[in-house]
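Colleague: Read in order, the letters of the sequence shown are residues -19 to -1, 1 to 613 in mature numbering (1 follows the signal peptide of the UniProt record, and there is no 0).
It cannot be assumed that every hint is accurate.
[To be verified] Straight-line distance between alpha carbons at most 25 Å, and here's what the computed BS3-like set of lysine-lysine pairs gives:
| no. | residue 1 | residue 2 |
| --- | --- | --- |
| 1 | 337 | 326 |
| 2 | 356 | 326 |
| 3 | 408 | 174 |
| 4 | 241 | 337 |
| 5 | 18 | 452 |
| 6 | 326 | 18 |
| 7 | 376 | 211 |
| 8 | 408 | 177 |
| 9 | 297 | 408 |
| 10 | 298 | 376 |
| 11 | 261 | 241 |
| 12 | 297 | 356 |
| 13 | 510 | 407 |
| 14 | 337 | 211 |
| 15 | 177 | 211 |
| 16 | 211 | 356 |
| 17 | 376 | 510 |
Hint data in this document are derived by calculation from the structure and do not stem from the laboratory.
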Amino acid sequence: MRFALVLSLLGAASVLATASHRSVQTSSGLLNGVRSKVSHLGYVHRFLGVPYAQAPVGQLRFAPPVALEENAASRHLDSSQHGPSCYQPPHLKQLISDLLDTASTEMSEDCLTLNVYVPEVDDAGRLPVIVWLPGEGFDYAMSRHFDGSYMALQGRVIVVTVNYRVSAFGFLSTLTPDAPGNVGLLDQRMALKWVKKNAAHFGGNPEKVTLMGRFSGSMSASIHIASPIKERLFERAVLQSGIAVGDYVFDFSPLNATRKLSEIVGCQKDSITDMVSCLKNVRASELLSSSLRIGQSFRPVLDGSLIVEEPMEAVKKGRHQAVDVVIGTNQHEGSLCLLTLQYLKSNYYDRLLKDKLTTDDLEEMIRFHLQDFTKTGEDTLARVVLHEYRYQHVKDGLRSQYLQFCGDMYVSSHAEQMARLLSQHKKGSVYVYQFAHRPSFSTQPSFVGAVHGDDVLFALGLVLKQQNISKQEALLSKKMALSLGNFALDSDPSVVDDLDWDLDWPEYNRESQHVMHFTTGRPMARHSKLDRATSFWHEIVPLVELNGIVPALHQPAIADHSMALTSSKSFVSASRSASTVNLEHQTPSAGQSATYLIVAMAVCNIVLLVVAAVSVTKLCRPDSRYHTLQKF
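Taking the hints into account, I'd like the entire structure generated from these sequences.
Modeller: Okay, here's the thing in structure tokens:
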């Protein structure tokens, strides 16, 4: 990361300038970065591969990060090249945008580095800082994928991108001091401490730090917002397509995965201490490859320190940090499921492309994804969810119902619920957006618009790498970067007196539910359309899970091994209309939710009685379809 500003601009004695590079004194050492021209936008100073903690190797494997030695500041470091990424499974090239930097696949345990991008701008004063957390599931996170240069220049902010430990290296846990878990999250906190300590050396304002991430990076940020640890490491947050919620994110029995991995690598021991000691001596490459064989991913745990309860519960009770927040999603977050099916080379993917799904197909796919999300095959819940998306969205086609279900369950409903709860407690301002533009260069099927991750390409300005990008799309990227840059500066993402446009972005609250829609046209605030979905997933579904009315009759047995590993190996979790009951524009009470559930189940029971044996056979008996997913 090439990281500095011209001495005359900053008036900072810690910055030494030459024509082609910059040197900055930091707690990590004297960093020798590079000054580079970035398209037509101007110049940025990059400082890459900057260590922010000691290498987590040997006895430091599975341990919380350790601060750099005090004499580290006396070092001279070449910061012109990225450091290696942390050990993680190979990324699937067909699922990675061409706009991401995939030039190197070098990995190492000595990977706790960050990259800093400082724009060369006039009369900047002390710039706000955005700390970017990459992440496509807690198995994947490469900071080098995301060049912060474009956002730095367009948003007039310093951008810091962070490597942190993932997979077994970052989230293996025994819930004991031997392997406490969540060390990947603690890496992120250590990086934030580094930013607070060193931001001023680059012309940054350590009191204006914004934590920003996508998917599991965003989930991580939501965890930090809800953490009871009082040390204030950031003032604002931008959450893009990810809130940490439920069994999909948290492992409530982490010792199971740890023991499975230990058996594979020959570390079965009577004591946890001996088992972890053995695991620390396994070669990193062997540990990674073996972790792919256990059939589940390593995920965050409730450790009683950093995480004492799920973030949504903490926020519901007002036990969260007082920060200002922007929450964003894409129009078709359900594309996550499409990518999963594409990765699995599923027959269902072809049927979706041809719009040839049957109701049986929809039911089977809903059951499969529910099992991935809830980690159970509970039958009652599957029936209620199927009823919601099959019959309450009856005017939509089956393909649209499937995409809506996936988007609501994995991302959108949780983003809306977090916005509801944060705005309710009024500890900070809350802004919400939906990215609704299908990129001209999109390689996704024509029936989807803006898919998971599209907003990131525009917000970070990576679309400017695209040759022959339209003027409208370039302006959209500028809109988003400048808006988020303003938010990082003073907690208001509105843009006033710009030469091209003004953007008046109202706060979100439970009454107005303002959501800013980003398209190539003029951005406009609209009323949220997620009221019903949010009420369903956060009021109805918990009641069904707690008080299932009908005993589970069957659950899908995963016969196809590649399908069984979806939650840890697929892009979804690692990489991972007319309505008879109108829930819009109201917040259902528990009583109303229970009423809805009773009505829904009553309707189901009436249907069962009316159609008698035929429907009973269809809905209730064990069906061979659910004992194999070879169709996938």
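Colleague: Look at each hint and say if it fits the structure.
Modeller: Right, here's what the structure says about each hint:
Proposed proximity of residue 337 and residue 326 is supported: the alpha carbons are some 16 Å apart, at most 25 Å. For a cut-off of 25 Å, the pair hint linking residue 356 to residue 326 stands: about 23 Å separates their Cα positions. Note on residue 408 and residue 174: the hinted pairing holds, with a Cα-Cα distance of about 23 Å set against a maximum of 25 Å. Using a Cα cut-off of 25 Å, the hinted pair residue 241 and residue 337 is violated, with the two alpha carbons roughly 40 Å apart.
Our distance criterion of 25 Å between C-alpha atoms is met by residue 18 and residue 452, whose separation comes to about 20 Å. Restraint check: the Cα-Cα separation between residue 326 and residue 18 comes to about 41 Å, which exceeds 25 Å; the hinted pair is violated. Distance check on the hinted pair: residue 376 and residue 211 sit about 49 Å apart at the alpha-carbon level, beyond 25 Å; violated. For the proposed pair residue 408 and residue 177, the alpha carbon gap of about 22 Å is at most 25 Å, so the pair holds.
Between residue 297 and residue 408 the CA atoms are separated by roughly 12 Å; this keeps the pair inside 25 Å, and the hint holds. Taken as a hint, the residue 298 and residue 376 pair is broken in the structure, with Cα atoms around 38 Å apart against an allowance of 25 Å. A hinted pair counts as satisfied when its Cα atoms are at most 25 Å apart, and residue 261 with residue 241 qualifies at roughly 15 Å. The straight-line distance between the Cα atoms of residue 297 and residue 356 is roughly 24 Å, inside the 25 Å bound, and the hint therefore holds.
The straight-line distance between the Cα atoms of residue 510 and residue 407 is roughly 22 Å, inside the 25 Å bound, and the hint therefore holds. Our distance criterion of 25 Å between C-alpha atoms is broken by residue 337 and residue 211, whose separation comes to about 53 Å. About 15 Å separates the Cα atoms of residue 177 and residue 211, which keeps this hinted pair within 25 Å; it holds. At roughly 32 Å between alpha-carbon atoms, residue 211 and residue 356 are farther apart than 25 Å, so this suggested pair is violated.
For the hint pairing residue 376 with residue 510, the CA-to-CA distance comes to about 16 Å; that is within 25 Å, so the pair holds.
Violation of the numbered hints given earlier is confined to hints 4, 6, 7, 10, 14 and 16; the remaining hints are satisfied by the structure.
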